[in-house]
Each structure stands twice: as C-alpha cells, then as structure tokens.
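Undergrad: If you read the sequences in order, they're chains A and B. Heads up, the first sequence is in the numbering used here, so the first residue is 923 and it goes up one at a time. Heads up, the second sequence is in the numbering used here, so the first residue is 923 and it goes up one at a time.
Hint data in this document are derived by calculation from the structure and do not stem from the laboratory. Even glycine gets a Cβ: it sits at the ideal position worked out from N, Cα and C. Please note that a few of the clues may not be correct.
Derived contacts from chain A toward chain B, CB cut-off under 8 Å, selection only [as the list claims (entries may be wrong)]:
#1 980
#2 1001
#3 1190
#4 1201
Short, incomplete list of chain B residues facing chain A, as computed with Cβ under 7 Å [what the hints assert, rightly or not]:
#5 1059
#6 1062
#7 1195
#8 1199
Number of protein chains: 2
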Amino acid sequence: MTVNRRFLLVRRPHGTPLPEDFRLVEEAIPEAPEGGFVVRNCYASLDPAQRGWMDDAPSYMPPIALNDPIRASTVGVVHSSKTPDFQVGDWVLGLNGLEDYSVNHAGGFTMKIDVSAVDSPSKFLSAMGAVGLTAYFGLTDVAKPQPGETLLVSGAAGAVGSAVGQIGKIMGARVIGIAGGAAKCQRLLDDYGFDVAIDYKGKSVEQLAAEIRAAAPNGADVVFENVGGDVMDAELLNLAKKARIVLCGLISEYNSPQKVGVRNLWQVLAQQATIHGYLIMDYAPRFAEGGAVMAEWMAEGRLRIDEDVQDGLENAYPAFMRLFSGANTGKLVLKIADGL
Amino acid sequence: MTVNRRFLLVRRPHGTPLPEDFRLVEEAIPEAPEGGFVVRNCYASLDPAQRGWMDDAPSYMPPIALNDPIRASTVGVVHSSKTPDFQVGDWVLGLNGLEDYSVNHAGGFTMKIDVSAVDSPSKFLSAMGAVGLTAYFGLTDVAKPQPGETLLVSGAAGAVGSAVGQIGKIMGARVIGIAGGAAKCQRLLDDYGFDVAIDYKGKSVEQLAAEIRAAAPNGADVVFENVGGDVMDAELLNLAKKARIVLCGLISEYNSPQKVGVRNLWQVLAQQATIHGYLIMDYAPRFAEGGAVMAEWMAEGRLRIDEDVQDGLENAYPAFMRLFSGANTGKLVLKIADGL
Chain A
923 MTVNRRFLLV
933 RRPHGTPLPE
943 DFRLVEEAIP
953 EAPEGGFVVR
963 NCYASLDPAQ
973 RGWMDDAPSY
983 MPPIALNDPI
993 RASTVGVVHS
1003 SKTPDFQVGD
1013 WVLGLNGLED
1023 YSVNHAGGFT
1033 MKIDVSAVDS
1043 PSKFLSAMGA
1053 VGLTAYFGLT
1063 DVAKPQPGET
1073 LLVSGAAGAV
1083 GSAVGQIGKI
1093 MGARVIGIAG
1103 GAAKCQRLLD
1113 DYGFDVAIDY
1123 KGKSVEQLAA
1133 EIRAAAPNGA
1143 DVVFENVGGD
1153 VMDAELLNLA
1163 KKARIVLCGL
1173 ISEYNSPQKV
1183 GVRNLWQVLA
1193 QQATIHGYLI
1203 MDYAPRFAEG
1213 GAVMAEWMAE
1223 GRLRIDEDVQ
1233 DGLENAYPAF
1243 MRLFSGANTG
1253 KLVLKIADGL
Chain B
923 MTVNRRFLLV
933 RRPHGTPLPE
943 DFRLVEEAIP
953 EAPEGGFVVR
963 NCYASLDPAQ
973 RGWMDDAPSY
983 MPPIALNDPI
993 RASTVGVVHS
1003 SKTPDFQVGD
1013 WVLGLNGLED
1023 YSVNHAGGFT
1033 MKIDVSAVDS
1043 PSKFLSAMGA
1053 VGLTAYFGLT
1063 DVAKPQPGET
1073 LLVSGAAGAV
1083 GSAVGQIGKI
1093 MGARVIGIAG
1103 GAAKCQRLLD
1113 DYGFDVAIDY
1123 KGKSVEQLAA
1133 EIRAAAPNGA
1143 DVVFENVGGD
1153 VMDAELLNLA
1163 KKARIVLCGL
1173 ISEYNSPQKV
1183 GVRNLWQVLA
1193 QQATIHGYLI
1203 MDYAPRFAEG
1213 GAVMAEWMAE
1223 GRLRIDEDVQ
1233 DGLENAYPAF
1243 MRLFSGANTG
1253 KLVLKIADGL
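Next up, chain A with everything else stripped away, as it sits in the complex:
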C-alpha cells in the first residue's frame, strides 16, 4: 500500500444509514507524530455503538466529526513510531478508525497485544476484546447472577448476547435468550447452550411477555439488555423482585430518528429492580484479567465465540449494515489487511 484509504462520515444519518452518508477516499499515509505512532489496521470491529457515534447527540463520547473516518476498535501492526513504547512490528489494540493507517498514542484503550496465543488477531476484537469482556464484566462485576437464578438475555444471538448466555451458564444461572427468527433461536440452543430460546419476531409486547412468563414463571433475576423498545417492555413485565438489569445496548432504536425508551418503567419501581447503565470503557485496565479467564474457558471448550469476518474496507457499508438486518452470525469484524 502506498495510500491510506479512509472510510469517512460525510453526512449524519437520519434514521437508517445510507451509502451517501459515507465516502471512501484515498490520502497519503500519515507520519508518526512525536511521542506517537502509526498503526497499519488489520481488523476493525463493527459494533452497534458506532451508529450512536454518528449522531450529534449527547453521549459518552463526542460524535464522530464530519469528514473523519468512522471510529472503530482495531487490531493492527505498528507501521512507524516516534515513541519507544511502541516498536515497528508490535501488535496493538486501540480505538482508531475504518482506514488503512491510523495515528495513535499510548493511553486510553491503546494496548499492546500478544497474538501468538490466538488463532487470529481478530480474537482481540471478539472474545478477548471489548465485546467478550462486555459480557464478562457485565455479569461478573455488575449483575452477579447466582447459581439457580434466571438470566434473561436480549439480542441473545449477537456477539455480546451469545457470550452473556454462555457465561451465565458457567456461573450456574438458568439462561433464557430472546432472538429474531427460528434459525437464531436454534443456534442459541445448539451452539451456545441456552436453556430456552424465544423468538420475538411478529409478536406484540403482550405476546412476548406471555412467552417469557411461561419460561420464567417467577420472573427474571437478571436481565442483560441489548435491544430496548418492545423487547425490553416485555422483559420489564417479567421481573423478579429486586431484579438487576444491565443496560448494555438499545439496538432497536439506534436507527430511529426519535428515541424510543421504555413504557413499562413502572415495573422497575414495583419490583424494586435496578437498571445499571453499563459501558465497557471503564474496565479497560482489567482487560488482561478478564481476557485470561475468557481464553481459559475457550480452551476448555466451555465458551464459543463466533466471528463473522467481512472482507475489505471497500465493503465497510454493507458489512456494517449486517448489524441492523440481523444478518451477522457472531461478532462482526471487517478485515482490512493481513498481518505483516
């Protein structure tokens, strides 16, 4: 490569992102700044959170600036460096962009990784990256399901949800997953070991609530929420007393021009439940600790993290949209280049 291809946000999406909201451009490969380095991105994480970053709305991070590349967690190799902490050839995980080359510095999410122990560096974007560890810390540090408790997971066939269900089983919970479509529900049972799978498609809040109630007559002790909207409203009608709700994502409303929220908030009060707004960012200092446990569970065959690897920066738009069509099976990753 002699150029840096960059996938830019050129217009803020109104609702569902359109191809015209983005532009792939070619620029010169950047120089490493004093104290920093340039990384050759090899794999980029595609996540629902990126849709939120495209909006000019108050959130936990500033919005992506217009004409900047789409912000993304990537793994890659140091291409040039003006800091002794990162040497050319080092593998790094960091918050970069959908582009061939990114300028980065030490600190924040940026960390060196040892790819020798994994079959693909992309594992640092799935099982041992923010996505797998979102599931890990959300259960082990926030919700803390106890053996015999009922764990209800929405978006259960997704990257976070499938890991949540499996970790919940490891922790001794009874696990009920909600997903869209018969094929995904079958995967919850066959591939991920959920106890019950519920298909939300084509059902009213009342119908979905009744199906959850049949599967969990005493209510859910823990809800791991990735979806929001009607799915969450049905869950809220099935809370056990003092239920803990990990509010991890609201994918059903990310492409909605209006915020949707929930209607059955009253149930949170009535059941003395707690909603924990949850972001993985603050756990970055504990990634190595959590990643080691995840790696051990995978090595023991107790945890399966699938990846849906799409190829090529030029396919960034259709690849990203797989998140919202429900097409992706496993953690969605965009391959930008082979390792060195």
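Could you slot chain B onto chain A? The hints should help.
TA: Just chain B now, with coordinates in the frame of chain A:
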C-alpha cells in the same frame, strides 16, 4: 359511632378516577378476630400510590379488590382486641382502609406508636411515617448524596419531594427542585430552602432540559424521581456521569390509561447511571430509627413537613383528587375522627 362507614372501590378507574368509581357505605362495626384487633381510624394517608393499587395490573401489592375499601395507611386507636399485643386505647400505625374501623393483626406495617411526643398523631403519616421516611431512606440509604453534589428533585413541592430537598440540604448537596407553577416554586425557595426552583409548566422537554442545564451545567449527581414522563425525560438529558436515580414515583402517568415510561433511556447507558426502583415497604423495620432522626431535625428547625389535612371520610374523593390537580400543599391527610 355505631356504624362503620367504608369508602369502597366499586369500579376500576379508566384514567382519571371518577366519583362513580367509589361508594361510601355503612356497615356494622367489625368484631376483633382471634389474635387480631379492630382499630378506630383517626387519620388516613392519601398518596399517589393508591391510584396504582386501583388498577388490575402487576405491581408490588395485589390490586385493591372491587368492593373493598381503598387501602390506606392510617393512624388510629385500638377499639377492641383479642391479642395481648394490642390493648384497647393503644395508638397504632398500619396499612388499613378508608373506613371508620379496620380489622388488623400484628406484623407487616402494623406498629404501636407513641403520640405523646408529636403535636398531632397525623405526624406518623407524614414526617415520621412512610412519606417522610421515603425521603429519608431514599437519600441516606439509596442515593447517598455527597457534600457538594447536585441533587435534582421532581415533584419537589409534594410531600416526599419537599422532604427530599431539605434532607439533601442537610446532607450538604446543592438542591434543585422541579415543581408546577410559580407559587410552588416560590415555596421551594422560601419554605424549604432549595437552591434553585424550576417551573415545568408549559415547557417542552427541550425547554425544561435547557433550564435544568442552566442550573446544573455539570449535570445532576442524584435525581429523586417522583413524576416521570416529560419531566423525567428532561432530567435524563442532564445526568452527571454515574448519576444515581431514585425511582420513587411516576405520578404523571398514574391516571394515564397507557403506561408512559421514558424516551431518553439511552442517557442512562451513556452516563453509566443507575436507576433504583425504590419502595419504602422494606424499610418498615427501620422506621423508628429514621423517625427519631426526622424528629430531631424538626425539633432543631432544620426540617419542615407541612400537612394538608382534609376533613371527613365523606370527602375522600375530592380530597384524593387534590393529589392530581396539584392543589395539595404538603402531605395530604384525611381526618376521619378525633383521637379518643
């Protein structure tokens, strides 16, 4: 009295309660059952929660059965007894009904009270009862505002809200209250010592959010929520990172046939906030402890709990509706009879 007047629920309200949803009947004074007693109710608490109990919907208590009296906390005097634990003439606080005489037993919310230290037994329904202690434990045990933190209270001129604001000040917080109308806002400043009062009336979510932002540029560390709906949506746009939200009431939707909930739930996630569904019931064993602190603060002139005492069981309906018209100033209490 030779009869027992009882204010019954005869039809479940659809939206705003109508006079025809209730009926005042006369029955014989009940006999004390074995192991129980009959209390002559003197004061009854009128609370927004009673509106929820009228609906046939899942909640923290069963709905009031049709043709039963409206469930209410009361203070009264033991009229007859078949238990050595409660003697005729004892003053008791308990969960009874809007009626002259109620059958009760030991346990649950039922407790003997010492009315010699208060100017009116009704204080056990306000400052030293569930309402005052809702404010007390919601702050001291759930939200725990720290000195210098910003506390945002909705329904701030109400019985719970005005106590929350004052206790927040005692705990060292900066206190912002939201109330309906200029007169109530003035009372927040003059009578209850709030730092800022914001009138929500006639304002859009965006306008109200902007006013809160002007008063709390760094966001609210603690939100004490009594209202829900648009008011809560405006508050959610002004959360400090890791804000704690005490979800105590949603009075704005109690008369709505449809649940309303919130739209800006995303902000809870983005700010890593926590929503605590909060009921005072579980704190019943600690009422004496909290009531002693409240009594001390009142004696020191640091805490003012106003009561709005309406007179007569025959006025139960118009008295109750004062809660929803915003007419009540202070804790709404219905006087049923003088003490013995």
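Undergrad: Now tell me, hint by hint, if it's right for this structure.
TA: Against the structure, the hints:
1. 980: holds, 7 Å
2. 1001: violated, 33 Å
3. 1190: Because about 4 Å separates residue 1190 of chain A from the closest Cβ in chain B, which is inside the 8 Å limit, the hint holds.
4. 1201: Because about 5 Å separates residue 1201 of chain A from the closest Cβ in chain B, which is inside the 8 Å limit, the hint holds.
5. 1059: Nearest chain A Cβ about 12 Å off; hint violated.
6. 1062: With a closest approach of 17 Å, the residue 1062 of chain B hint is violated.
7. 1195: holds, 5 Å
8. 1199: holds, 4 Å
When each numbered hint is compared with the structure, violations occur for hints 2, 5, 6.
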